[in-house]
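Residues per chain are reported as follows:
There are 4 protein chains.
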Amino acid sequence: MSSENLTAILLMLCPDRKGLVSRISNFLFERGGNIIDLDEHVDRHEQMFFLRVAWDMKDFSISPDDLDGAFFPLAKEFGAQWSIRLNREQRRMAIFVSKLDHCLQEILWRHELGEFDAAIPLIISNHAELRYLADRYRIPFHVYEIDRQNLEEQEKREMDLLAKERIDTVALARYMQILSPKFVADYANKIVNIHHSFLPAFAGANPYKQAFERGVKIIGATSHYVTGVLDDGPIISQDIIRVSHKDSLEDFVRKGRDLERLVLARGLRLHLEDRILVHGRKTVVFE
Amino acid sequence: MSSENLTAILLMLCPDRKGLVSRISNFLFERGGNIIDLDEHVDRHEQMFFLRVAWDMKDFSISPDDLDGAFFPLAKEFGAQWSIRLNREQRRMAIFVSKLDHCLQEILWRHELGEFDAAIPLIISNHAELRYLADRYRIPFHVYEIDRQNLEEQEKREMDLLAKERIDTVALARYMQILSPKFVADYANKIVNIHHSFLPAFAGANPYKQAFERGVKIIGATSHYVTGVLDDGPIISQDIIRVSHKDSLEDFVRKGRDLERLVLARGLRLHLEDRILVHGRKTVVFE
Amino acid sequence: MSSENLTAILLMLCPDRKGLVSRISNFLFERGGNIIDLDEHVDRHEQMFFLRVAWDMKDFSISPDDLDGAFFPLAKEFGAQWSIRLNREQRRMAIFVSKLDHCLQEILWRHELGEFDAAIPLIISNHAELRYLADRYRIPFHVYEIDRQNLEEQEKREMDLLAKERIDTVALARYMQILSPKFVADYANKIVNIHHSFLPAFAGANPYKQAFERGVKIIGATSHYVTGVLDDGPIISQDIIRVSHKDSLEDFVRKGRDLERLVLARGLRLHLEDRILVHGRKTVVFE
Amino acid sequence: MSSENLTAILLMLCPDRKGLVSRISNFLFERGGNIIDLDEHVDRHEQMFFLRVAWDMKDFSISPDDLDGAFFPLAKEFGAQWSIRLNREQRRMAIFVSKLDHCLQEILWRHELGEFDAAIPLIISNHAELRYLADRYRIPFHVYEIDRQNLEEQEKREMDLLAKERIDTVALARYMQILSPKFVADYANKIVNIHHSFLPAFAGANPYKQAFERGVKIIGATSHYVTGVLDDGPIISQDIIRVSHKDSLEDFVRKGRDLERLVLARGLRLHLEDRILVHGRKTVVFE
Chain X
1055 MSSENLTAIL LMLCPDRKGL VSRISNFLFE RGGNIIDLDE HVDRHEQMFF
1105 LRVAWDMKDF SISPDDLDGA FFPLAKEFGA QWSIRLNREQ RRMAIFVSKL
1155 DHCLQEILWR HELGEFDAAI PLIISNHAEL RYLADRYRIP FHVYEIDRQN
1205 LEEQEKREMD LLAKERIDTV ALARYMQILS PKFVADYANK IVNIHHSFLP
1255 AFAGANPYKQ AFERGVKIIG ATSHYVTGVL DDGPIISQDI IRVSHKDSLE
1305 DFVRKGRDLE RLVLARGLRL HLEDRILVHG RKTVVFE
Chain W
1055 MSSENLTAIL LMLCPDRKGL VSRISNFLFE RGGNIIDLDE HVDRHEQMFF
1105 LRVAWDMKDF SISPDDLDGA FFPLAKEFGA QWSIRLNREQ RRMAIFVSKL
1155 DHCLQEILWR HELGEFDAAI PLIISNHAEL RYLADRYRIP FHVYEIDRQN
1205 LEEQEKREMD LLAKERIDTV ALARYMQILS PKFVADYANK IVNIHHSFLP
1255 AFAGANPYKQ AFERGVKIIG ATSHYVTGVL DDGPIISQDI IRVSHKDSLE
1305 DFVRKGRDLE RLVLARGLRL HLEDRILVHG RKTVVFE
Chain A
1055 MSSENLTAIL LMLCPDRKGL VSRISNFLFE RGGNIIDLDE HVDRHEQMFF
1105 LRVAWDMKDF SISPDDLDGA FFPLAKEFGA QWSIRLNREQ RRMAIFVSKL
1155 DHCLQEILWR HELGEFDAAI PLIISNHAEL RYLADRYRIP FHVYEIDRQN
1205 LEEQEKREMD LLAKERIDTV ALARYMQILS PKFVADYANK IVNIHHSFLP
1255 AFAGANPYKQ AFERGVKIIG ATSHYVTGVL DDGPIISQDI IRVSHKDSLE
1305 DFVRKGRDLE RLVLARGLRL HLEDRILVHG RKTVVFE
Chain F
1055 MSSENLTAIL LMLCPDRKGL VSRISNFLFE RGGNIIDLDE HVDRHEQMFF
1105 LRVAWDMKDF SISPDDLDGA FFPLAKEFGA QWSIRLNREQ RRMAIFVSKL
1155 DHCLQEILWR HELGEFDAAI PLIISNHAEL RYLADRYRIP FHVYEIDRQN
1205 LEEQEKREMD LLAKERIDTV ALARYMQILS PKFVADYANK IVNIHHSFLP
1255 AFAGANPYKQ AFERGVKIIG ATSHYVTGVL DDGPIISQDI IRVSHKDSLE
1305 DFVRKGRDLE RLVLARGLRL HLEDRILVHG RKTVVFE
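Residue numbers (our numbering), protein chains in the order written: chain X, 1055 to 1341; chain W, 1055 to 1341; chain A, 1055 to 1341; chain F, 1055 to 1341.
It should be emphasised that the hints constitute simulated quantities derived from the structure, not laboratory data. The reader is advised that the hints may include incorrect statements.
What the hints assert, rightly or not - In silico EDC-like pairs for lysine to aspartate or glutamate, Cα to Cα no more than 16 angstroms straight-line:
{"no.": "1", "chain 1": "A", "residue 1": "Lys1300", "chain 2": "F", "residue 2": "Glu1341"}
{"no.": "2", "chain 1": "A", "residue 1": "Lys1263", "chain 2": "A", "residue 2": "Asp1301"}
{"no.": "3", "chain 1": "F", "residue 1": "Lys1309", "chain 2": "F", "residue 2": "Asp1293"}
{"no.": "4", "chain 1": "F", "residue 1": "Lys1300", "chain 2": "X", "residue 2": "Asp1093"}
{"no.": "5", "chain 1": "X", "residue 1": "Lys1300", "chain 2": "W", "residue 2": "Glu1341"}
{"no.": "6", "chain 1": "F", "residue 1": "Lys1309", "chain 2": "X", "residue 2": "Asp1093"}
Unchecked claim - Example chain X residues on the side facing chain F (calculated, C-beta under 8 angstroms, incomplete):
{"no.": "7", "residue": "Gln1159"}
{"no.": "8", "residue": "Trp1163"}
{"no.": "9", "residue": "Glu1169"}
{"no.": "10", "residue": "Arg1190"}
{"no.": "11", "residue": "Arg1308"}
{"no.": "12", "residue": "Asp1312"}
{"no.": "13", "residue": "Leu1316"}
Here a beta-carbon is modelled for each residue, glycine too, at the ideal position from N, C-alpha and C.
Pulled out of the complex, with its shape left as it was, chain X reads as follows (with noise of 0.2 angstroms):
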């Protein structure tokens, strides 16, 4: 990637207060740096500030390992979170997936087609099913069969591969597997789960038997952030479709695998692209 493309994201939270567009928007204006794209929002009730800036480094005067370094007082005065983030410096994703095939290959079909701008070295399972799967795109494919006794010491050979692999982005494709609060936390608002229910209706276990049995109307599909509690980290995106009394819970399941499959790709999209903020257990989305 030549400097002709070189562009840079910051994504930012702080409390608000006055002149924050001003002040930063000025910092890469007089280095040169051309806004491509700027997304705020502000939050009165919570008075925070959440700011998404794209700017083009062409002309920009600082070179792009000293981005964080001139960027810091600024953040250091307005009590930020922040993170900044070139083009050139790929995503990597891992993808966990146990027995069910439909989100993996819409994550595979998507990456192979440019869709998700991201690396994926590899592929863990908790079982070897879905080998082929991975053999047809060619990415690694790694199992770790887990059982009561074996977690803790699976888990930490599957943390050493991400660890190696320089992962940053977890995919969980429909991974029947609960990670240990140490992965989630090292991994925090880095791992991205599909839910197929529209939660917190059904949350837990067999969310289609639960809304099949319950009567309802339409079902959905949530991606989220995973953190220690089950099913209740931040959502980034949701869908719903129609069902009737005319869906068997085979259809329910047939209906959801294609909510889940384009929620999840929709919130790994978002993910990648440095459009989710998380506050609490809520989630600013720039789309």
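Please arrange chains W, A and F on chain X, whose structure you already have, making use of the hints.
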């Protein structure tokens, strides 16, 4: 209404068995009835049969008054729950409302337009605020203020009024008062409520606040029959609208209003056209 | 309204160039303005910059009356089309309607509820039928019957009335009369129409009939600014609803009514809140 | 497949008359058939009757081979167009594709998952690019390159192949080549196409570009049967997705891909399950 336009609607459910459609369509054909619309559903899992059939009474050899008696033997043989209603027997709907006007406004407007095939002989409220709206549409408005002490006696008065006016359908148009078990039992499958959430998510009080705090990306509304358990009755219709971090709690409420009135109106329309069969916690809705 | 709550909204578009956000946010910051909301969009292909920024006038060093003059040099430098509106300058909207009540009813109800930040000084119709509805909401109702002979002079009277009442927004709430080129030109980007189809499908007369005969499975509605070409103006908002073979032409019309009033109300709300910029045949809508 | 699971589906349409449901359900009941599913529709305006009925062949007194003959007299009396298909007679579907992979990928994946009750004996393309995808799913891939000179002879070869493989359904999965009138006539109501717009808006070439330039706020996709008039055949299914000024033409294409593959898959599923009756320019779809 002349007999030219007289139609009858049979709604029934019974254990499934061979020949049900044949036996019932023969019953109608042999007596000169022309089927206008027939919808059936078989729940394979529950082994239950659900039917709605509407027919023209023009050349029917049985008089309207003898219809129930004529169908009784067949229904008994099938072990069916059933009802037959003639379109000349217009339903009589009471609306219960508190202080929020949007659902009441919607029902009255649609009624004026002829969308509901029902008379609305009265509106009941626990507050006086919306009398002006009832006056606009010239519908009697009865206020029964309710406090901890007088609930039982006030509800008794309401039920006497409903009985006197031969009410067969009750619309709870954001009525902020819980009905007694006796009321609910007397009007089983006849009270349609609107709940301002995508049930079963956010049952109970302040669903928009709950949804706002959870950070959902979609909000919903649900029309359902009222049962003894709060917000737990069989669901008739649901719909949703998208929200984002830009939406304040007030925006949730505003957007939700549009959902509530459409979903309640839809639920009422389906009920008033005899399109709903209740089985356990679920509905079969013939649209 | 005290200066405590005084806010200003700048809407502008100009050729894109470096530093636009910085220059404008500085302009506000240096004068003590606190940005409440800022939305920008760059059309890379057209090389155009679009901006909506709202700020608090409380500590602003420029008086409301001098605002335009103060911003003028900047706007001139940028070659911008722009407007600044203070929230104390309430918009004044006229509604044009014919015989169908649903869109008028919707606007009046929402207005009563406070959803539109605008005065509605008058309603104009080419028929007398809906006077009762204007009366309900105590809004002056003017009938200008139009035939082939009197179109020009009647429209002249309407425009005089609009001028006298300082109308800045015209809502065509299913107004079945084509406005003259002069009228449209005088109120360019100020007339919001609802067309009862998913434009550009089924432009012109009888869109539901066209849709019914084509056998579509979805119908739509479109709110748009009116231009000299029928049903061709910049689209503001669209929505859809599903139909099936079970729906008669009357069902299309009934279902469509719900779409029309929501989509028109949404279009008006966006317009009244200065959220729309028109560029060529398209709109940029800051939601 | 044992006779235990043998079911038959009758699809028919005829002029409406009294007793049709009764006569047909009797025909089945008297011969020991148990109705699994019955859907009927009467078009009052056109005076037409549409029926889909599925029944269990387990205790049916007529052998599968004699079914057509047994029903013939009834059908003749009614003046019906009709077909009976046994579930043991699996449909045979050919896929036509050009260079875009997403619709082909979707069909092959769903087929592998068992969502389509059909064999896919072959894929035909006018380009070689997607052979790798056919290979992944081990389906024969035939390339017939087409230019102005060889259209007729190449299509002749294709039709010979279809005949030889007893193909009864053709899926056009973004096949960028117009079929000849003869081909279309030979496979009337058997060719399902996906058009990447909300028909009838944006028929013809480059619908996303047309939509982008018109500034629509919603884009759509349409699956339909192919007739002699381009993009004019009876519509089976449609769906939409929202777009905004933020979406480039490339975003329209990307978002549209998700619509296209779902809407085509849905259209194919409905066709393969004998749920569609065509009457004039419209479909009756029994879902």
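In ascending order, which of the hints set out earlier in this document are inconsistent with the structure? 6
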